[in-house]
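Visitor: These are the residues of each chain, in order.
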Amino acid sequence: MTLTATSFDWVRQLVHRESAIVLQPGKEYLVEARLLPMAQQRGCAGVSELVESVRNRPDPASTRRIVEALTTNETSWFRDGDPFTALTGTVLPQLLAARRPDERLQIWSAACSSGQEAYTVAMLLSDALPNAATRVSITATDLSREMVERTRAGRFSQLEVNRGLPATMLVRHFTRAGNEWEIAPALRRMITASECNLAAPLPRLGPFDVVYLRNVLIYFDLCTKQAILNRVRQIMRPDGWLFLGAAETTLGVDDNWERVVLGRGSAYRPRKGA
Amino acid sequence: MTVTEAQPISALLDPGTVQSIADEVWPSLVGDGEAFVPVPVPPSAELVSAWVDIIGPWTGSVVLTCAPATAEALTESVLMTRPPTVVDDEDVADALGELANVLGGNIKSVLPGESRLGLPQIGSAPSRGRLDDVCALVGQWRGNYLTITVQGAAPAPHAERNEVPQL
Amino acid sequence: MRALVIDDSRAMRRIVGTILTGFGYEVREAGDGRQALDVLQEGSAEGWVPDLCCIDWNMPVMDGLQFVMATRANPAFRQVTLMMVTTESETSQIVKALAAGAHEYLIKPFTADALRDKLALLGLLPEEVSA
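Residue numbers (our numbering), protein chains in the order written: chain H, 1 to 274; chain V, 1 to 167; chain P, 1 to 131.
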């Protein structure tokens with residue numbers, strides 16, 4: 001066990017601060033197991049060395065990865081429900097009415113992780129539109145190359161497909177590959193995945209009709225949140241839609257957005273004249 | 001009439017797949033953060049096994065083996081019991097059986113064709129069949145000897161022999 | 001909220017039952033499909049009808065699929081949500097269960113979070129738990 005008491009303590013406090021999850025003493029082996037891949041990727045001798053290096057010079061990307069490694073076993077499909085039911089229920093009909101038939105709808109999953117969000121959108125759209133493959137493009141980006149590759153691969157473990165994915169969608173859109181499940185090639189082709197750091201000037205992307213920016217702003221300070229929201233708005237259509245995480249809001253952060261209530265959740269649209 | 005011989009498990013399943021199944025089963029059934037680690041430790045003198053049979057294009061068993069004390073500790077973890085509650089033989093048969101069941105069910109779905117899963121059994125491990133019809137993971141749980149073995153059925157007592165015609 | 005957990009493994013009944021109790025459910029158990037039908041009948045007579053049944057597939061006497069078909073055929077239990085909880089995870093089996101009338105399907109091994117997510121999908125997660 002290479003993890004020192006001070007390292008474990010720092011991780012414990014970080015995780016509690018960022019996620020409210022409590023790591024009990026005795027869970028050192030869990031921290032060790034979950035952070036070892038990250039430590040190895042960074043060329044650290046062990047988890048303690050990784051933790052010390054991040055602790056001495058914290059950066060949002062590293063702290064985010066550490067928190068996620070310890071709090072997310074598998075991300076959910078259809079996370080929080082409303083931002084996805086709203087897509088087919090409200091957003092899509094309005095966009096289809098407002099766009100020309102030859103215009104592709106552009107959707108962005110802006111912190112795509114292993115791809116559940118992007119493929120949730122792909123499944124919903126392919127069920128809602130007969131010609132979804134030609135009508136819609138989905139861009140999936142993440143800071144992590146590993147996550148981008150996972151999204152491209154579209155392969156998920158048994159534990160991952162258990163997380164909030166309706167069984168009817170599992171059987172219709174996935175096939176088994178050994179002990180894993182692979183998304184249908186037609187859906188995989190709807191998605192273009194690439195690396196992108198939201199906290200830096202963005203590569204050429206968009207303009208987007210719908211953006212999913214969910215549960216990623218929480219990792220940044222106010223200044224960076226504002227910069228990100230501003231960058232995102234610049235590459236959105238003026239009548240586009242932004243979905244944030246269930247507990248997130250632009251209120252108090254950036255007043256260039258109008259909040260729209262959708263079901264039990266909300267979406268944000270660029271304020272007219274902003 | 002040609003008789004097609006069933007393929008041995010070594011042609012159908014690799015240890016890596018069994019390990020990744022165990023990697024999902026342990027946190028789910030034994031507890032968050034728990035793991036079956038494929039690093040061998042010396043076996044104990046006394047061993048107990050729980051297994052399920054798979055009957056299909058490939059026929060055999062998925063066998064979990066460990067020391068009786070380890071079986072008890074596994075059971076306590078699976079059933080989430082706390083002192084002073086103790087687990088009895090029935091609890092052990094049930095918990096270990098369910099572990100074998102979930103491991104077996106997942107291994108079954110990786111094998112080709114359609115197979116059936118038998119109900120869990122506990123006791124001395126069934127005899128192995130052909131030497132190449134075994135996929136064995138030797139490892140540990142919390143430092144204790146534990147193995148997961150996918151083994152072909154032992155040949156039936158009245159196996160057909162290929163008679164060479166006498167000229 | 002009420003649930004009936006149907007599995008021939010006591011360990012699994014305890015695991016699922018504990019998770020559901022943690023979500024505020026009142027839980028009853030059965031060890032096979034026939035026992036489960038008896039629990040439903042007896043419960044119904046005293047006004048106890050489950051909102052949810054968690055059903056294993058492979059059980060002695062009467063398996064989960066037969067239980068699903070029998071329950072769906074009974075108008076008295078039309079409102080009961082039926083979720084398979086099983087190791088059987090081939091596509092053809094999931095399709096078969098859904099065609100027989102199961103509403104959802106949870107593959108073993110599963111985590112407490114996975115069960116919670118399925119309940120949320122089904123609208124069977126008490127509001128206070130959603131956080």
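Errors might be hidden in some of the hints.
Cβ pair distances, simulated, as ranges [what the hints assert, rightly or not]:
hint : chain 1 : residue 1 : chain 2 : residue 2 : range
1    : P       : A112      : H       : T175      : 21 to 31 Å
2    : V       : G123      : P       : P60       : 45 to 55 Å
3    : H       : T6        : P       : G43       : 27 to 37 Å
Take a look, some chain H residues computed to stay more than 12 Å from chain P by CB distance [claimed, not checked]:
hint : residue
4    : E160
5    : R172
6    : N179
7    : P238
8    : E258
These are computed hints drawn from the structure, not numbers from a lab. Each residue gets a CB set at the ideal place from its N, CA and C atoms; glycine is no exception.
Visitor: Hints first: check each against the structure and report whether it holds.
Guide: Tested hints:
1. P:A112 to H:T175: 21 to 31 Å: Given about 28 Å between the Cβ atoms, the range holds.
2. V:G123 to P:P60: 45 to 55 Å: violated (19 Å)
3. H:T6 to P:G43: 27 to 37 Å: At roughly 55 Å between Cβ atoms, P:G43 and H:T6 fall outside 27 to 37 Å, so the hint is violated.
4. E160: violated (9 Å)
5. R172: Since the minimum Cβ distance to chain P is about 9 Å, H:R172 lies within 12 Å and the statement is violated.
6. N179: Not fine: 9 Å to the nearest Cβ puts H:N179 too close to chain P.
7. P238: At roughly 34 Å from the nearest Cβ of chain P, H:P238 sits farther out than 12 Å, so the non-interface label holds.
8. E258: Correct as stated: the minimum Cβ-Cβ distance to chain P is 26 Å, above 12 Å.
Checked against the numbered hints above, the structure breaks hints 2, 3, 4, 5 and 6 and satisfies the rest.
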